[in-house]
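Please model the entire structure based on the sequences and the hints provided.
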Amino acid sequence: MVGRFKNQKEGDSMGLSWESTNLAKVFKEIGREEGKAEGKAEGKAETLVKLIRKKFNLIPKHYEDKIMILDEKKLDNIIDNIFTIQDIKDIDKYL
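Numbering-wise (the UniProt record's numbering), the sequence shown opens with residue 1 and increments by one.
Warning: the hint list may mix true and false statements.
[What the hints assert, rightly or not] Label-pair restraints from in silico Cβ distances: (1) 21 to 57: 48 to 58 Å; (2) 79 to 21: 11 to 21 Å; (3) 93 to 42: 17 to 27 Å; (4) 60 to 38: 17 to 27 Å; (5) 50 to 24: 31 to 41 Å; (6) 93 to 31: 32 to 42 Å; (7) 23 to 77: 29 to 39 Å.
[To be verified] Here are the simulated PhoX-like cross-link-like pairs (lysine-lysine), alpha carbons at most 25 Å apart as the crow flies: (8) 28 to 40; (9) 28 to 55; (10) 73 to 54; (11) 66 to 55; (12) 44 to 54; (13) 36 to 89; (14) 66 to 28; (15) 44 to 25; (16) 54 to 28; (17) 50 to 28; (18) 28 to 61; (19) 40 to 50.
These are computed hints drawn from the structure, not numbers from a lab.
The structure displayed is predicted, hence computed values, not measured ones.
Backbone N, C-alpha and C define an ideal beta-carbon position, used for all residues, glycine too.
Structure (structure tokens):
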């Protein structure tokens with residue numbers, strides 16, 4: 001039968017069609033990719049917090065909180081400019 005498992009009995013016993021399992025695979029892959037992106041941004045945020053702490057010997061909690069929720073593009077921008085940032089307050093223009 002079209003749209004079913006190779007073995008119709010197998011598909012019927014599971015109550016799933018071939019299309020529904022493929023859709024599940026697509027959603028699973030989308031979730032996996034989103035998870036990777038979030039993990040990558042989180043890693044960059046943690047690294048940036050370490051860099052700022054090393055450069056200025058401290059990082060106020062409100063900066064750390066803001067950095068942890070930045071998107072990857074903004075994180076990259078701050079990381080790219082970390083050596084030109086002279087005062088911790090200069091970070092405000094990147095947030």
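Status of each hint after checking the structure:
A beta carbon spacing of about 55 Å between residue 21 and residue 57 agrees with the range 48 to 58 Å that was offered as a hint. Take residue 79 and residue 21: their Cβ atoms lie about 41 Å apart, and the range 11 to 21 Å is violated. Remark: the range hint 17 to 27 Å for residue 93 to residue 42 is upheld by a beta-carbon distance near 23 Å. Restraint check, residue 60 to residue 38: a C-beta distance of roughly 25 Å satisfies the suggested window 17 to 27 Å.
A beta carbon spacing of about 39 Å between residue 50 and residue 24 agrees with the range 31 to 41 Å that was offered as a hint. Taken as a hint, the range 32 to 42 Å holds for the pair residue 93 and residue 31, whose Cβ atoms sit roughly 35 Å apart. At roughly 37 Å, the beta-carbon separation of residue 23 and residue 77 lies within the given 29 to 39 Å, and the hint holds. Taken as a hint, the residue 28 and residue 40 pair is honoured in the structure, with Cα atoms around 18 Å apart against an allowance of 25 Å.
A threshold of 25 Å between alpha carbons decides the hint, and for residue 28 with residue 55 the separation of about 41 Å lies outside it, so the pair is violated. Distance restraint check for residue 73 and residue 54: the Cα-Cα separation of roughly 22 Å lies within the 25 Å cut-off, and the hinted pair is therefore satisfied. For the given pair, residue 66 sits about 18 Å from residue 55 by alpha-carbon distance, which is consistent with the 25 Å threshold. Taking the CA atoms of residue 44 and residue 54, the gap is about 15 Å. The hint holds against a cut of 25 Å.
A C-alpha spacing of about 31 Å is found between residue 36 and residue 89, which places the hinted pair above 25 Å, so the restraint is violated. For a cut-off of 25 Å, the pair hint linking residue 66 to residue 28 is broken: about 30 Å separates their Cα positions. At most 25 Å may separate the alpha-carbon atoms for a hinted pair to count; residue 44 and residue 25 exceed this at roughly 29 Å. Between residue 54 and residue 28 the CA atoms are separated by roughly 39 Å; this puts the pair beyond 25 Å, and the hint is violated.
Using a Cα cut-off of 25 Å, the hinted pair residue 50 and residue 28 is violated, with the two alpha carbons roughly 33 Å apart. Restraint check: the Cα-Cα separation between residue 28 and residue 61 comes to about 35 Å, which exceeds 25 Å; the hinted pair is violated. At roughly 16 Å between alpha-carbon atoms, residue 40 and residue 50 fall within 25 Å of each other, so this suggested pair holds.
In this structure, the hints that do not hold are numbers 2, 9, 13, 14, 15, 16, 17, 18, in rising order.
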